[in-house]
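K.L.:
Chain A is fixed; fit chain B onto it per the hints.
Protein chains: 2
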Amino acid sequence: MIEDKSPQRTPIENLGEFGLIDFITKNFEIKQDSTITGIGDDAAVLNHTKSTLVTTDMLVEGVHFDLSYVPLKHLGYKAIVVNLSDVYAMNARATQVTVSIAISNRFPVEAVNELYEGIHMACNTYGVDLIGGDTTASRSGLVISVTAIGEQDAGKIVRRKGAREGDLLVVSGDIGAAYMGLQILEREKAVFKANPQSQPDIEAYSYLLERQLKPEARKDICKLLEELEVHPTSMIDLSDGLSSEMIHLCKHSEVGMTLYEDKIPLDPTVITACEEFNLDSTTIALSGGEDYELLFTIKQEDFSKIKANPSLSVIGHVVDASYGINLVTRGGEQIPIKAMGWNSFQE
Amino acid sequence: MIEDKSPQRTPIENLGEFGLIDFITKNFEIKQDSTITGIGDDAAVLNHTKSTLVTTDMLVEGVHFDLSYVPLKHLGYKAIVVNLSDVYAMNARATQVTVSIAISNRFPVEAVNELYEGIHMACNTYGVDLIGGDTTASRSGLVISVTAIGEQDAGKIVRRKGAREGDLLVVSGDIGAAYMGLQILEREKAVFKANPQSQPDIEAYSYLLERQLKPEARKDICKLLEELEVHPTSMIDLSDGLSSEMIHLCKHSEVGMTLYEDKIPLDPTVITACEEFNLDSTTIALSGGEDYELLFTIKQEDFSKIKANPSLSVIGHVVDASYGINLVTRGGEQIPIKAMGWNSFQE
Chain A
1 MIEDKSPQRT PIENLGEFGL IDFITKNFEI KQDSTITGIG DDAAVLNHTK
51 STLVTTDMLV EGVHFDLSYV PLKHLGYKAI VVNLSDVYAM NARATQVTVS
101 IAISNRFPVE AVNELYEGIH MACNTYGVDL IGGDTTASRS GLVISVTAIG
151 EQDAGKIVRR KGAREGDLLV VSGDIGAAYM GLQILEREKA VFKANPQSQP
201 DIEAYSYLLE RQLKPEARKD ICKLLEELEV HPTSMIDLSD GLSSEMIHLC
251 KHSEVGMTLY EDKIPLDPTV ITACEEFNLD STTIALSGGE DYELLFTIKQ
301 EDFSKIKANP SLSVIGHVVD ASYGINLVTR GGEQIPIKAM GWNSFQE
Chain B
1 MIEDKSPQRT PIENLGEFGL IDFITKNFEI KQDSTITGIG DDAAVLNHTK
51 STLVTTDMLV EGVHFDLSYV PLKHLGYKAI VVNLSDVYAM NARATQVTVS
101 IAISNRFPVE AVNELYEGIH MACNTYGVDL IGGDTTASRS GLVISVTAIG
151 EQDAGKIVRR KGAREGDLLV VSGDIGAAYM GLQILEREKA VFKANPQSQP
201 DIEAYSYLLE RQLKPEARKD ICKLLEELEV HPTSMIDLSD GLSSEMIHLC
251 KHSEVGMTLY EDKIPLDPTV ITACEEFNLD STTIALSGGE DYELLFTIKQ
301 EDFSKIKANP SLSVIGHVVD ASYGINLVTR GGEQIPIKAM GWNSFQE
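Just so you know, the sequences run in chain order A and B.
So in the numbering used here, spot 300 of the first sequence is number 300, and the numbers just go up one at a time.
So in the numbering used here, spot 248 of the second sequence is number 248, and the numbers just go up one at a time.
Hints in this document: simulated from the structure, not taken from any laboratory.
Among the hints, a few may not be true.
Since the list can't tell identical chains apart, any single copy or any two copies may satisfy a pair.
Each computed PhoX-like pair below joins lysine-lysine, with the alpha-carbon atoms no more than 25 angstroms apart [stated by the list, open to error]:
1. K219 with K305
2. K305 with K189
3. K338 with K219
4. K26 with K161
5. K223 with K305
6. K156 with K338
7. K73 with K214
8. K338 with K50
9. K251 with K26
10. K338 with K214
11. K50 with K193
12. K31 with K50
13. K26 with K214
14. K156 with K50
15. K156 with K251
16. K223 with K193
17. K251 with K338
18. K31 with K263
19. K161 with K31
20. K26 with K193
Isolated chain A, as found in the complex (with noise of 0.2 angstroms):
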């Protein structure tokens, strides 16, 4: 196949903003039966018959994301992940979202239909709706804004507060991938910079690569856990890093936690990228971000029906507040274990 070398480029104020909506959102298909009104009004209309879950998100380029190495259309599925994430980590459904972008003329509609199919095949994959928006231009960087909504029965609904001495911590999946995901993409930006003619060196880090610019969600998690009857005390996502999730639930629940690290579950090739990159995997474990896996606390009786899960790992216990929030290292020492989640704020 010969390549096209020059793809179309058409400048959004060609379309203009309503044109720009109208060429995105073709696609888009109403698929809950909650959603009465979608885009095209002054506002949507939703008719949920139990709780109404709300959670938004803003994703900045420079700041989230650098568009040098992140796909469009990764990005934009992403941006819809993050957010069904917490609605997840409340034990709810997700059902619509809104979208918002500010985008520079420098962007040909072309990449903006781009992030929509990413958007799209998100809203596709967890059978979620979009249901509204803006698009506005932007004088610097690309911005996206989400907002998640979802529903869930009131006695259903999970919080970060909850948890009980005595209860087990537990995690889905694995962590610290994304986080590594993340080395790996900027050591190959710094040797693009370096020598422009050098081919990426990524075969063996894809599923690095793939936590970072396509994660999921872990809808299935709440799902399973309906299956196995187990209702969670306490459950937030990890965004921020193992460390700072777990501190949110202990202020929120009022308890410390014992950590064990001989329970954190790490994928293989993190460990390898680890070593490569002279890290100790238990740090990436505790302050890597980016892993939207689930962090959970469940009754000691709820033990047997997790135990034999390949998905589930129990990394450790809620212990009275006054022990504070301890990691127990491989050698048997006991660390006090301190937010080292991202602050955006710092450089």
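P.N.:
Quick look at chain B alone, frame taken from chain A:
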């Protein structure tokens, strides 16, 4: 009183994201019964017994506002109001908002606080709860993304579609003032640039400036219509200018409209300012945006209920789509109305 010549400037990174959120949200109280959980968990929890309305808008520095003449407190107030206006335009009650901001390190904590004082004031004035948001760094300008949520009985919601031939076209308040306020501000900015010692000459224009800097959403009109037992057949709010909004109503309702130039409600200061700037006041009313008045259609039989009301003006009527959308001038001439609303993507 001796003026403080060195106001406090606390860098945002001193507080970090969570500290900043705690700081700016400490004065916000929950007022709505439907707000079960507000800020502080992965998602807010709402208990709406009626249909839920959702709308969102993004305001970008350098595109939607110019901080050289827009005080941050006013900006915060306006960011909320423009979103609530969309909820009222559905004839619904606004109940909650989320606010996300991307802000550069050049702003001190005190500036963020100013912005949130305006947000707080708007939430109090309109009785809505701040239930969530995101606070992140920005590499350049300030971006504010607001999502407003409301509720209403399904049968009482008013959409853009629904206008029928013979219906009357009604607008609340007066129009064009916000646009002329912007002209005054732009002129004073230019004067100040040329001569920084000059004192702004704005006293005569206080109404115009207030309409631009601190607009109000017409919650009162929804209440008034309910009291008068008038149910609009279609409705929209005036954010992009009368012509553009009339076209939206016509497109959704599949009708045409006739607008009478001599019926357009203009404040005397708008007429004076238009003369001074050598602008045609009808053009300003048609194309100037940001009035946040409500534009709606009612059945002819409801005319007697609204005719004596000083807040409402009948400005035209609905005709068959084949007649198109026209302005009847003071001279009796009929001129087709084209959208001349604002497009942020055009320089």
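K.L.:
Given identical chains, is K161 near K31, meaning Cα to Cα at most 25 angstroms, within a copy, between copies, both, or neither?
P.N.:
between (33 angstroms within a copy, 22 angstroms between copies)
K.L.:
Could you figure out if K31 and K263 sit no more than 25 angstroms apart (CA to CA) within one copy, between two copies, both or neither?
P.N.:
For K31 and K263, neither the intra-copy (40 angstroms) nor the inter-copy (44 angstroms) Cα distance is at most 25 angstroms.
K.L.:
Up to 25 angstroms between alpha-carbons, please classify K223 paired with K193: within, between, both or neither.
P.N.:
Neither: 45 angstroms inside a copy, 62 angstroms across copies.
K.L.:
How would you label the pair K338, K219 (within, between, both, or neither) given a Cα cut-off of 25 angstroms?
P.N.:
neither (29 angstroms within a copy, 47 angstroms between copies)
K.L.:
Using 25 angstroms as the alpha carbon limit, work out where K26 and K214 are close: within a copy, between copies, both or neither.
P.N.:
Cα proximity of K26 and K214: one copy only (24 angstroms, versus 36 angstroms across).
K.L.:
Given a CA cutoff of 25 angstroms, do K338 and K50 count as a within-copy pair, a between-copy pair, both, or neither?
P.N.:
neither (37 angstroms within a copy, 44 angstroms between copies)
K.L.:
Regarding K251 and K338, is the shortest C-alpha distance of 25 angstroms or less found within a copy, between copies, in both, or in neither?
P.N.:
within (12 angstroms within a copy, 57 angstroms between copies)
K.L.:
When no copy is named, should K73 and K214 be tagged within, between, both, or neither for a Cα gap of at most 25 angstroms?
P.N.:
within (9 angstroms within a copy, 39 angstroms between copies)
K.L.:
Cα distance capped at 25 angstroms. Does K305 pair with K189 within a copy, between copies, both, or neither?
P.N.:
For K305 and K189, neither the intra-copy (45 angstroms) nor the inter-copy (68 angstroms) Cα distance is at most 25 angstroms.
K.L.:
Taking 25 angstroms as the upper bound on the Cα-Cα distance, should K219 and K305 be classified as within, between, both, or neither?
P.N.:
within (19 angstroms within a copy, 52 angstroms between copies)
K.L.:
Taking 25 angstroms as the upper bound on the Cα-Cα distance, should K156 and K50 be classified as within, between, both, or neither?
P.N.:
Both ways: K156 and K50 sit 10 angstroms apart in one copy and 21 angstroms across, limit 25 angstroms.
K.L.:
For K26 and K161, with the copy left unspecified, which applies at a CA distance of at most 25 angstroms: within, between, both, or neither?
P.N.:
Classified as between; 20 angstroms across copies, 41 angstroms inside a copy.
The structure fails hints 2, 3, 6, 8, 10, 11, 16, 18, 20 (numbered hints given earlier, in ascending order).
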